Amino acid sequence: MKILPFNYRIAKEKVLQNTTAMDLSAWNCVGVLGPVGSGKSLLIKLLADMQLRDLGAFSEYSFCAYLSQDLTQLFTGNTPQSILELYADTRYTVGKHFDRGLFDRYARRMRIEGLLEENRRLLTYSEGERQRLGICLAAAVKAKVCILDEPTTALDTESRMELYRIIADIRKRARIFMISHRLADCLYVCDYLILMEDLHIRDHYPLQEIIEKADILSYYLPQSEDEDV
Amino acid sequence: MIEDKQKLQLSPGKRILILGPSGCGKSSLLKHIAGFDSGIPVEAPQSASAALLMQNPFYQIIMQDVREELSFPQKNAAVPPREAEANITGVTEILGIRRLLDREVATLSFGEVQLVMIAATFLTPADAYLLDEPSSHLDPPLIAALHRLAQNYAEKGKCICISSQIADEYRCCDEVWLMERGAVKEVLSREAFHRERLKRGILTEGDLIRRRLRELGGTQ
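As they're listed, the protein sequences go chains G and R. Residues in the first sequence are numbered from 1 upward in steps of one, following the working numbering. Residues in the second sequence are numbered from 1001 upward in steps of one, following the working numbering.
Honestly, I wouldn't trust all of these hints.
[What the hints assert, rightly or not] Just some of the chain R residues that point at chain G, by a computed CB distance under 7 Å:
| id | residue |
| --- | --- |
| 1 | S1022 |
| 2 | G1023 |
| 3 | Q1055 |
| 4 | G1111 |
| 5 | L1203 |
| 6 | E1205 |
| 7 | G1206 |
Source of the hints: derived by calculation from the structure; they are not laboratory data. All of these numbers come straight from a predicted model, not from anything done at the bench. All C-beta atoms, glycine included, are put in the ideal place defined by N, C-alpha and C.
Let the sequences and hints guide you as you build the complete structure.
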């Protein structure tokens, strides 16, 4: 698992680039952290795209579990049950890796059984409910790589903590790439961090080192905190 | 379903934060206030108008370019062009998105779309601004910018209503509405919420980060 130097032209004056090669094989859960619009999702999508094998990273794996940033963009008008049927269909690659028993266990832990029973169209659920469904789907796909794009948006603290525990489960069987703009997510689940800035990889290091990076801590800690205990 | 015993009041210059677990009806309440459904006991002047930003910013995009997207709500309300241009400058400067003005909306990232749609909402002439989880894809400096913008509008006498999962945001609001299972259970002032927060174990993003840093052996 390596990321090689690359230049990838997205639009006229927009180039996503990496200048140094990095070897990620020793790390199990890699977090991608960066400000809004710094190219986090794009980097992971590029690395997961099988047409771009030259970039290195995921080329040894042919299939990834993926949680997209917005589930409804993938499944407009579907109901949870129809999505589950799709995931369980062994004619598709995803069906060969999807574990329904595992999904049901995660669904209980994320408290979405009610949502599965009601089986309304996806658009009628709240953002948080959709997000939890997406997490269970991605977590129940047994692939060697699992990509989670902003898994904690729209989640309350309780669901977030449960998600951290689920991610710890996935880590035992798969490599995880998690994209987030929240430092807390990276601190809780990752062991390696890639920092993005302005469409390039600014830095990368093991999680422990972040404690000494005062600039990053001050950027990602919510402001006006001094009044607290 | 939303039902309410509490008297909820939207008044000029007030900033309200709606907090509650996922699926408790925050979005529904905001849509009710915006007038999508009648029969909700929220008190507001009869003639008041509201601008609503829905949770998924992609649903509300109507133009191709960012600049057009930001001009549209003002053209629609017949704001004079020179004034409209000044408004766009003001709002985009506070949010730090001037560099996005000439981009096509389709090339923006999720967080950038959210910023653009926040700007578009605030550029809609209205009495109340209702934003449904506007900070879900923003990092802390951008959330701070959003709050500066909200304060700016509150000072002009507008009412701002923000829903969120992140309790940190209470610091920038005058009142916190705590929701549970489809109803507003409590209305707390900022000071009261600040006192109650630790007692009830409501964690903020800052709490989470500091707690974890301590576990990892950091000094902060």
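With a cut-off of 7 Å, does the beta carbon of G1023/R approach a beta carbon of chain G closely enough for the hint to hold?
-> At 5 Å from the nearest chain G Cβ, G1023/R passes the 7 Å test, so the hint holds.
How about G1206/R: closest beta carbon in chain G under 7 Å, or not?
-> holds (5 Å)
Taking the closest Cβ pair, is S1022/R under 7 Å from chain G?
-> holds (3 Å)
Holds or violated: is the Cβ of E1205/R closer than 7 Å to a Cβ in chain G?
-> This hint holds: E1205/R lies near chain G, its Cβ roughly 5 Å from the closest one there, short of 7 Å.
Per the CB criterion, is L1203/R less than 7 Å away from chain G?
-> OK, holds: L1203/R within 7 Å of chain G, min 5 Å.
Holds or violated: is there a CB of chain G closer than 7 Å to the CB of Q1055/R?
-> Because about 5 Å separates Q1055/R from the closest Cβ in chain G, which is inside the 7 Å limit, the hint holds.
Does G1111/R pass the interface check with chain G, least Cβ-Cβ distance below 7 Å?
-> Holds - the Cβ of G1111/R comes within 7 Å of chain G, reaching about 3 Å at its closest.
The structure agrees with every numbered hint stated previously.
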